[in-house]
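2 protein chains.
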Amino acid sequence: MKSKLKIVKIGGNIIEDPQQLGAFLKDFAAIDGMKILVHGGGKSATEMANRLGLKPKMVEGRRVTDIENLDIAVMVYAGLINKNIVTKLQVNSCNAIGFTGADANLILSGKRPVKYVDYGFVGDIVNVNRKTIKLFLDNKMTPVFCAITHDKSGQLLNTNADTIASEIAIAMSDFFEVELNYIFELKGVLENIENKASVISHINTKKYEQLIDDGIISKGMLPKLHNCFRALEKGVQEVKIGDVSLIADANNLHTTLSLK
Amino acid sequence: MKSKLKIVKIGGNIIEDPQQLGAFLKDFAAIDGMKILVHGGGKSATEMANRLGLKPKMVEGRRVTDIENLDIAVMVYAGLINKNIVTKLQVNSCNAIGFTGADANLILSGKRPVKYVDYGFVGDIVNVNRKTIKLFLDNKMTPVFCAITHDKSGQLLNTNADTIASEIAIAMSDFFEVELNYIFELKGVLENIENKASVISHINTKKYEQLIDDGIISKGMLPKLHNCFRALEKGVQEVKIGDVSLIADANNLHTTLSLK
Numbered sequence: 065m066k067s068k069l070k071i072v073k074i075g076g077n078i079i080e081d082p083q084q085l086g087a088f089l090k091d092f093a094a095i096d097g098m099k100i101l102v103h104g105g106g107k108s109a110t111e112m113a114n115r116l117g118l119k120p121k122m123v124e125g126r127r128v129t130d131i132e133n134l135d136i137a138v139m140v141y142a143g144l145i146n147k148n149i150v151t152k153l154q155v156n157s158c159n160a161i162g163f164t165g166a167d168a169n170l171i172l173s174g175k176r177p178v179k180y181v182d183y184g185f186v187g188d189i190v191n192v193n194r195k196t197i198k199l200f201l202d203n204k205m206t207p208v209f210c211a212i213t214h215d216k217s218g219q220l221l222n223t224n225a226d227t228i229a230s231e232i233a234i235a236m237s238d239f240f241e242v243e244l245n246y247i248f249e250l251k252g253v254l255e256n257i258e259n260k261a262s263v264i265s266h267i268n269t270k271k272y273e274q275l276i277d278d279g280i281i282s283k284g285m286l287p288k289l290h291n292c293f294r295a296l297e298k299g300v301q302e303v304k305i306g307d308v309s310l311i312a313d314a315n316n317l318h319t320t321l322s323l324k
Numbered sequence: 065m066k067s068k069l070k071i072v073k074i075g076g077n078i079i080e081d082p083q084q085l086g087a088f089l090k091d092f093a094a095i096d097g098m099k100i101l102v103h104g105g106g107k108s109a110t111e112m113a114n115r116l117g118l119k120p121k122m123v124e125g126r127r128v129t130d131i132e133n134l135d136i137a138v139m140v141y142a143g144l145i146n147k148n149i150v151t152k153l154q155v156n157s158c159n160a161i162g163f164t165g166a167d168a169n170l171i172l173s174g175k176r177p178v179k180y181v182d183y184g185f186v187g188d189i190v191n192v193n194r195k196t197i198k199l200f201l202d203n204k205m206t207p208v209f210c211a212i213t214h215d216k217s218g219q220l221l222n223t224n225a226d227t228i229a230s231e232i233a234i235a236m237s238d239f240f241e242v243e244l245n246y247i248f249e250l251k252g253v254l255e256n257i258e259n260k261a262s263v264i265s266h267i268n269t270k271k272y273e274q275l276i277d278d279g280i281i282s283k284g285m286l287p288k289l290h291n292c293f294r295a296l297e298k299g300v301q302e303v304k305i306g307d308v309s310l311i312a313d314a315n316n317l318h319t320t321l322s323l324k
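So the protein lines, in turn, are chains A and B. Position one of the first sequence corresponds to residue 65 (my numbering), numbered consecutively onward. Position one of the second sequence corresponds to residue 65 (my numbering), numbered consecutively onward.
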């Protein structure tokens with residue numbers, strides 16, 4: 065039987081609230097057994113860009129990563145946020161080790177091809193170096209990934225943190241029974257976006273398709289759920305979506321996703 | 065017989081010159097066998113502080129690291145510089161992996177006690193986690209350290225890169241025959257500071273004391289040589305000081321330091 069591995073992705077809302085982040089890291093450190101953390105950090109990079117007098121470049125409502133904004137993302141994600149999370153996990157007796165995809169070539173990506181929009185220095189994941197990640201886990205380390213990868217041709221690339229989490233989950237399911245947790249500001253996927261308590265407790269493939277048909281899944285939720293179902297189809301055991309309280313107690317209200 | 069391990073420390077002058085850095089990283093990647101890179105990056109952090117409108121805080125001619133300047137150091141050293149070095153080494157088939165001392169608790173330090181000057185968030189090294197560094201080396205990874213450590217109480221600390229290099233060299237000499245290389249802008253320790261060709265090819269303990277007595281070792285060189293001789297006394301096999309050409313060819317003009 066495979067050992068269990070828990071992968072947790074947190075977003076900007078937790079990272080930017082020091083108190084909430086501190087509480088979360090304590091709960092995360094207390095998770096029994098092997099675990100991996102993936103973090104975003106969008107707003108902090110935007111704030112730094114503002115302080116440096118750079119304007120976020122938007123094309124058709126989507127953020128474009130030019131070279132200056134890439135440098136800021138690398139500084140803020142891989143430097144400031146990642147290392148502060150690592151040192152705070154170490155306080156809580158969690159042997160954290162912080163990574164970009166460039167480190168030990170852990171996540172290889174390709175610059176997104178230009179079709180209608182040139183997204184700039186944005187990477188789509190090509191490969192996850194599962195054996196090296198397993199080596200860290202086997203040696204009782206807890207990898208902490210930020211949302212930067214590289215193309216192995218010397219270029220760092222900004223990469224969606226949700227996708228990093230699901231691609232790592234898929235890769236590691238070769239070795240482990242993987243549970244993937246997406247932690248964000250809501251308690252789960254909502255039936256009614258106006259009612260924060262209307263959490264759908266379970267979504268399977270059939271329900272997922274039905275929710276899309278009924279227009280219940282909102283714009284921002286679509287790529288997240290796409291990542292979740294891709295992960296389930298590729299071997300991840302279980303996916304959960306919820307707020308930060310889910311890590312302290314898995315019985316707290318949340319959405320569980322599964323194929324059946 | 066112990067295996068050989070080469071530790072190379074580079075300073076800001078190389079890091080800030082993309083062409084020189086590129087050439088150096090190619091030479092470094094080509095070093096046969098196990099190796100570790102340690103980098104500083106002082107000027108880049110100062111430039112970033114200027115762009116953010118912060119003034120470097122100086123007390124009695126020494127830089128003081130307040131919390132804002134620490135954040136900048138973490139961003140620039142652990143983020144921008146470290147990850148760009150790592151991805152560029154990966155291009156050259158060197159399996160680089162970038163670290164602060166917080167990662168896997170690799171370098172534990174203590175905040176420098178306040179005597180006459182409060183240096184702020186500056187760390188003095190307490191312990192190097194030699195077993196974990198050995199694990200990376202045994203698995204054909206090349207650690208790349210920036211000048212940030214932590215106190216395992218949740219505080220990152222700015223730490224002298226020369227000292228990081230010598231403390232890692234000392235710790236690793238338990239397992240390896242260590243050669244420590246300090247790469248800077250000169251070809252070695254100069255007999256006459258006005259004449260850049262007046263490199264002293266060999267300095268032993270006796271010569272070292274004599275050079276201090278004669279006032280030949282200049283102010284900036286004193287702590288560097290102190291680090292070198294401390295390393296030699298604590299088990300490091302050989303220490304070399306030279307410019308970037310030393311890595312491409314060990315026969316190039318440089319200063320070798322040894323106890324006898």
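There's no promise every hint is true.
Since the list can't tell identical chains apart, any single copy or any two copies may satisfy a pair.
Below, in silico cross-link-like pairs of lysine to any residue (SDA-like), each with a Cα-Cα straight-line distance of 20 Å or less [as the list claims (entries may be wrong)]:
hint, residue 1, residue 2
1, K107, M285
2, K288, A93
3, K324, L201
4, K107, Q83
5, K68, A87
6, K204, L172
If you are wondering where the hints come from, they were derived from the structure by calculation, not from laboratory data. None of the values given here were measured: they were computed from a predicted structure.
Against the structure, the hints:
1. Taking identical chains as interchangeable, the C-alpha atoms of K107 and M285 lie at most 20 Å apart only when both belong to the same chain, with a minimum of 19 Å there against 43 Å between chains.
2. For the identical chains of this complex, K288 and A93 are neighbours neither inside a copy (25 Å) nor across copies (39 Å), given an alpha-carbon limit of 20 Å.
3. In the homo-oligomer, the alpha carbons of K324 and L201 never lie at most 20 Å apart, since the shortest distance is 30 Å inside one protomer and 45 Å across protomers.
4. Proximity of K107 and Q83 under a CA criterion of 20 Å is satisfied intra-copy only: 17 Å inside one chain copy versus 33 Å between copies.
5. In this homomeric assembly, K68 and A87 never come within 20 Å of each other (Cα to Cα): the closest approach is 24 Å inside a single copy and 44 Å across copies.
6. In this assembly of identical chains, the alpha carbons of K204 and L172 lie at most 20 Å apart only when taken from different copies (18 Å versus 24 Å within one copy).
When each numbered hint is compared with the structure, violations occur for hints 2, 3, 5.
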